[in-house]
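Novice: Sequences and hints are given; from them, build the entire structure.
These are the residues of each chain, in order.
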Amino acid sequence: DGGITQSPKYLFRKEGQNVTLSCEQNLNHDAMYWYRQDPGQGLRLIYYSQIVNDFQKGDIAEGYSVSREKKESFPLTVTSAQKNPTAFYLCASSPGSWTEAFFGQGTRLTVV
Amino acid sequence: AQKVTQAQTEISVVEKEDVTLDCVYETRDTTYYLFWYKQPPSGELVFLIRRNSFDEQNEISGRYSWNFQKSTSSFNFTITASQVVDSAVYFCALSEAVGSSNTGKLIFGQGTTLQVKP
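From first to last, the protein sequence lines stand for chains A and B. In this text, residue positions in the first sequence follow the working numbering: the first is 1, and each later residue adds one. In this text, residue positions in the second sequence follow the working numbering: the first is 1, and each later residue adds one.
If you are wondering where the hints come from, they were derived from the structure by calculation, not from laboratory data.
The calculated lysine-lysine pairs, modelled on BS3-like cross-linking and capped at a C-alpha distance of 30 Å, are:
1. A:9 / B:38
2. B:117 / A:9
3. A:83 / A:9
4. A:83 / B:3
5. B:3 / A:57
6. A:57 / A:71
7. A:71 / B:38
8. A:57 / B:38
Quick caveat, the model's predicted, so the values are computed rather than measured.
Specialist: Rendered as structure tokens:
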């Protein structure tokens with residue numbers, strides 16, 4: 001089945017550790033996105049990529065890094081510089097501009 | 001600046017009631033798209049509808065309907081005869097444009113939590 005796969009679903013890490021969230025899509029979409037969701041808030045854009053080997057910062061990129069070496073994959077690293085990393089992270093992809101985005105099931109990251 | 005406001009934080013209704021979720025947006029672009037997504041407890045966002053700024057026709061899909069009014073910058077969502085399975089968080093979103101191009105980025109409202117009681 002085509003779709004977006006995020007793994008793991010739940011992730012626990014100690015404060016100060018870097019952690020990488022996986023996002024894979026088999027929809028052949030050019031664009032991919034990472035959003036962060038905090039309780040009672042909408043989604044905020046962390047990073048996005050419109051083409052392989054290229055990506056741009058979103059509204060809250062500080063403390064995060066990404067790579068886009070393959071069209072299918074867009075991993076997000078939450079670094080120790082991110083002051084408040086505990087959140088729900090959603091990955092999305094879209095075939096291009098002006099189209100709807102398709103979302104993965106999310107990764108809930110808890111830093112203790 | 002572009003912005004989406006969903007003033008209703010939580011709504012609770014009894015099954016079979018009709019319910020309207022409000023969405024007001026701000027943008028200076030003449031070309032833009034509006035979206036509604038549903039987020040069930042599982043967490044994944046499910047796409048419901050996309051509407052472009054040049055099409056003000058209302059749309060109906062089963063029990064769902066959408067009212068787009070450019071004059072009031074609103075894109076409201078109505079569920080008719082609500083069901084328990086409609087319980088979820090609903091997000092309204094606006095596509096971001098830079099000049100005549102579009103980045104594909106979405107600007108989300110804060111979401112409305114709908115609880116439908118049996």
